[in-house]
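Student: Using the sequences plus the hints, can you model the full thing?
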Amino acid sequence: MASPLEQFVIQPVVPAIGLTNASVFMMASVGVVVGGLMLATGSRQLVPGRVQSVAEILHEFIADLLRGIAGEEAMVFFPLVFSLFMFIFTANYMGLIPGAYTVTSQIIVTFTLALIVMGTVVGFGIWKHGKHFLNVFVPKGLPVYLTPIIAVIEFVSFLSRPISLSVRLFANMLAGHVALKIFGGFVLSLSAAGGLLALLSPLPIVRIVAVTALEVLVCGLQAFVFTVLSCIYLNDALHPGH
332 MASPLEQFVI
342 QPVVPAIGLT
352 NASVFMMASV
362 GVVVGGLMLA
372 TGSRQLVPGR
382 VQSVAEILHE
392 FIADLLRGIA
402 GEEAMVFFPL
412 VFSLFMFIFT
422 ANYMGLIPGA
432 YTVTSQIIVT
442 FTLALIVMGT
452 VVGFGIWKHG
462 KHFLNVFVPK
472 GLPVYLTPII
482 AVIEFVSFLS
492 RPISLSVRLF
502 ANMLAGHVAL
512 KIFGGFVLSL
522 SAAGGLLALL
532 SPLPIVRIVA
542 VTALEVLVCG
552 LQAFVFTVLS
562 CIYLNDALHP
572 GH
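Mapping of the sequence shown onto my numbering: residues 332 to 573, in sequence order.
Worth flagging that the hints you see were computed from the coordinates, not collected in a lab. Keep in mind that the hints are not guaranteed to be accurate.
[Claimed, not checked] Have a look at the derived ranges for each label pair, beta carbon to beta carbon:
(1) Lys459 <-> Leu350: 35 to 45 Å
(2) Val385 <-> Thr543: 43 to 53 Å
(3) Leu370 <-> Gly551: 15 to 25 Å
(4) Ile494 <-> Pro410: 17 to 27 Å
(5) Leu473 <-> Leu336: 41 to 51 Å
(6) Val385 <-> Ile484: 36 to 46 Å
(7) Phe409 <-> Leu336: 34 to 44 Å
Quick reminder that beta carbons are idealized off the backbone N, C-alpha and C, glycines included.
Tutor: Right, dumping it as structure tokens:
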């Protein structure tokens, strides 16, 4: 049985220009998002059709989420948050297509997305608040004698945010696809064994169906979790110390 990790190996597609299977599916994810939104907004109507309705629902869903977590002024971050959600959501579900490559199973991809979020937090926070952005490490109302200890803890916690944000998405997508590969291998192995073992081959298929159903849920859930945490972190850029 082939290793379940082989599906995550980055393979060159056009070596001359450094094009790999990962970059192809990243571009495909962006293309699906851009193409879908252009199709939805190309002929906007007062009474929206199905495609336009889906686009409006997604728009309002992310907008309400961002406002609910960070307030109306956080809408300045809407293009970033909406783009992150749509890219992760699309890339996750594209990875479920047989033969497709799951780009969010690569830690370098998820870590880059997390760095974009945290870079925006730090850059916008310093631009808007200057040195007062450092209040993010000192919660409001903290007793003076606890300030040094809490400040160090908050600083370490702040540095760990891009790690936890990226590892959560990467690990969930990796684990789910590995489980599918393992159970798929069981089906082939039991079928090839013949005899009584071949009669057991339908059992892993049941597991595959169950894990696939779980993966369908996890793909959307992880895009949502990444977006929620991004909104929480971006709130610190607007309200440091709150």
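Student: Would you mind marking each hint as holding or not holding in the structure?
Tutor: Now the hints, each set against the structure:
Separated by about 39 Å at the C-beta atoms, Lys459 and Leu350 satisfy the suggested range of 35 to 45 Å. Distance hint check: the CB atoms of Val385 and Thr543 are about 23 Å apart, inconsistent with the given range 43 to 53 Å. The hinted window of 15 to 25 Å between Leu370 and Gly551 holds, with their beta carbons roughly 21 Å apart. Taken as a hint, the range 17 to 27 Å holds for the pair Ile494 and Pro410, whose Cβ atoms sit roughly 25 Å apart.
Separation of Leu473 from Leu336 is about 46 Å and conforms to the stated range, judged on CB atoms against 41 to 51 Å. For Val385 paired with Ile484, a C-beta distance near 43 Å keeps the hint of 36 to 46 Å intact. As the Cβ distance of Phe409 to Leu336 is approximately 37 Å, the hint placing it in 34 to 44 Å holds.
The structure shown violates just one earlier hint, number 2.
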